[in-house]
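Chemist: If you want the building blocks of each chain, they are given just below.
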Amino acid sequence: MTSLLAVLIDGSIYASWLFLVAAGLTVIYGVMRILNMAHGSFYAIGAYSAASLVGWYFNNGIGPAWISYLLLVGAALVAGLIVGVIIERGLLRLMYGRDEILMVIITYALLLILEDTMKIVWGVNPYFAYQPYSELGRTSLGLLKVSNYDLSLVGVSAVIGLVLWGLLERTNTGKVLRAVIHDREIAVAMGVNVRLMFTITFVIGTILGALAGALTAPAISVVPGIGIEVIVLAFAVVVIGGLGSIGGAAVGALLVGLSRAAAVHYAPEFELFVIYGVMSLVLAFRPEGLFGRTLARKI
Amino acid sequence: MRFDKTEISLAAVAIALVLFGFVSPGWLIFLLTIAFAKALVVQGVVMQMRSGLVSFGQGLFYCIGGYTVGMGGQFFGIHDAIAALSLGMLVAIAVAMVLGLLLTRYRDIFFAMLSLAFSMILFGILVKSPELGSTDGFNVHNWTIFGWAPDGGESSQHTVFTLTILAGLVIAVLIHRYTKAGIGVICEAVRENEVRVEYLGLSPRWLLYGNYVSAAAVSALGGGLTALATGHVDPEMAYWTTSGEFIFIALLGGLGHVAAPFIAAVVFSVVRTYAIELVPHTWQMILGFTLLGVIVFLPKGLWSLVSRKKAGERA
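The listed protein sequences correspond, in order, to chains A and B. 759 is the number of the first residue of the first sequence in my numbering; add one for each residue after it. 18 is the number of the first residue of the second sequence in my numbering; add one for each residue after it.
A hint or two may mislead.
Here are the computed distance ranges between Cβ atoms for each label pair [stated by the list, open to error]: (1) B/203 <-> A/904: 50 to 60 Å; (2) B/202 <-> A/831: 40 to 50 Å; (3) A/836 <-> B/284: 36 to 46 Å; (4) A/855 <-> B/203: 19 to 29 Å; (5) A/852 <-> B/223: 35 to 45 Å; (6) A/824 <-> B/111: 56 to 66 Å; (7) A/916 <-> B/94: 19 to 29 Å.
Since the hints were derived computationally from the structure, they do not count as laboratory data. All values reported here derive from a predicted model rather than from experimental measurement. Heads up, the beta-carbon is just placed ideally off N, CA and C, and yes, glycines get one too.
Turn these sequences into a full structure, and let the hints steer you where they fit.
Modeler: Put into structure tokens, the structure is as follows:
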């Protein structure tokens, strides 16, 4: 019973983290049709900015602890905005119109560049920002002690999911974005500024990636290479849910999160296997993912 | 059997390289061996690219080839290099025949992602297998060739080098014939427009399937040779960044000629050796910018420099 509870709790925490990481990826693909391999680097940039800012804040003992949470989010917003605008305007804009698969390779090149840029900016030594994590303490759930920070991650990711959904479904910009998703050419013909929409989408995507990194930073040591590990996980989640679908990413995250938690508790040797196993299974039966749209073949 | 100009030049270069092996310093031999072994894996990537599929998981077969050679010697008493390499190719073919049934239903990014997932599955299994050394992998040594055991160091390095060159030559000639044959030409037609190929009464899916399986065998051979050359295998061989490297080399060389992957792999290895020594923290960045440069300025790869020059001479 306890282990089942542990699986459920671990699973939902892991799932909410996965959703945070995958949301930006799916938003960018949905609108721009770019499967962004560099998304993991945005995550890493967010983690580094947050860790260095929060680390600096606590080392100087300037003020109360609650401000550090604002710093986490603030660091992610600023880093995501700057990086997103630079990359979309400076690189991707020049590449639009190429094959989807070529865009994957282009973002792979971007990933390689960003990985080393981070090494130049932040060096190769680990950064820590554990204070926001330890500050919140732990809660006992039955026999288990769970970190409050991890638990609040579930709430945060639910809020972010809802905000994204609201943005897309309830605002004017969201309507226009959906039009672009549905048919880019008609949207242009109707006078939509698709270029602007692309910039907005990409920046939202980078901010989401950076936010995921910033919120994870207190729980890990931030070292080079964290983005590379994360990106394949995010791919698995997004592909399971259906590329471009936010609801799909949520379901994919839950599926992967729970199965990984179950694997960790019952058969630890299958921990990594399970994630890609689920992905291959889903793809075998529903190639477009659980919530993806089937596209007619173009001749 | 008649040989065309390309095949004769390939053979001439191969003979020259084997002879060069007798006078060249050890480090250069090692570098070239690794480069050519990797080029074989890249040949597998290129074979699929020609029909429009980009595999982000060719490391799967690279790893299978390497591990089979290693495990053959470690657990099953297969010490003969040729036997171990062939076994690696057979295992890869068997795996590819199963996975291919599923994978050939996908195109574009879906093929890329699913092939990536399969290689990550193998990675996940290997890092959790303590019998196979988990993340550290294990050493490959004590191999023989036709009953003759090279006495370690220089001698075995030289043997692997010659073996790699010969394997490379055979594979290159086979692939060259394949691309020139009718069925190889259809691969490009599938890339251009798959539905039309289907209208003409051919099954693109089975073509892609055959491609996928043969690419797997070629890549496994490359993996096995790498294992013999470095004397070590580890799960990193199946990690997705390794597959990314193969795509990089494939694009660098281009699809224009069977020799392109070999040239690109040598360029890649030489640049990497110096870059890691001189600028260890910007090595990947150099790679990234080169990749962007190739995509924008040399969409047909380094080989287009050669063919452009030829076209210029003719005009």
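Chemist: Determine for every hint whether it applies to the structure shown.
Modeler: Do the hints match the structure? See the list:
1. B/203 <-> A/904: 50 to 60 Å: Holds, at about 59 Å.
2. B/202 <-> A/831: 40 to 50 Å: 57 Å, violated
3. A/836 <-> B/284: 36 to 46 Å: 40 Å, holds
4. A/855 <-> B/203: 19 to 29 Å: Once the Cβ atoms are compared, 27 Å apart, the range 19 to 29 Å for residue 203 of chain B and residue 855 of chain A holds.
5. A/852 <-> B/223: 35 to 45 Å: The hinted range 35 to 45 Å holds for residue 852 of chain A and residue 223 of chain B, with Cβ atoms some 39 Å apart.
6. A/824 <-> B/111: 56 to 66 Å: Once the Cβ atoms are compared, 59 Å apart, the range 56 to 66 Å for residue 111 of chain B and residue 824 of chain A holds.
7. A/916 <-> B/94: 19 to 29 Å: Given about 57 Å between the Cβ atoms, the range is violated.
Of the hints listed earlier, those the structure fails to meet are numbers 2, 7, in rising order.
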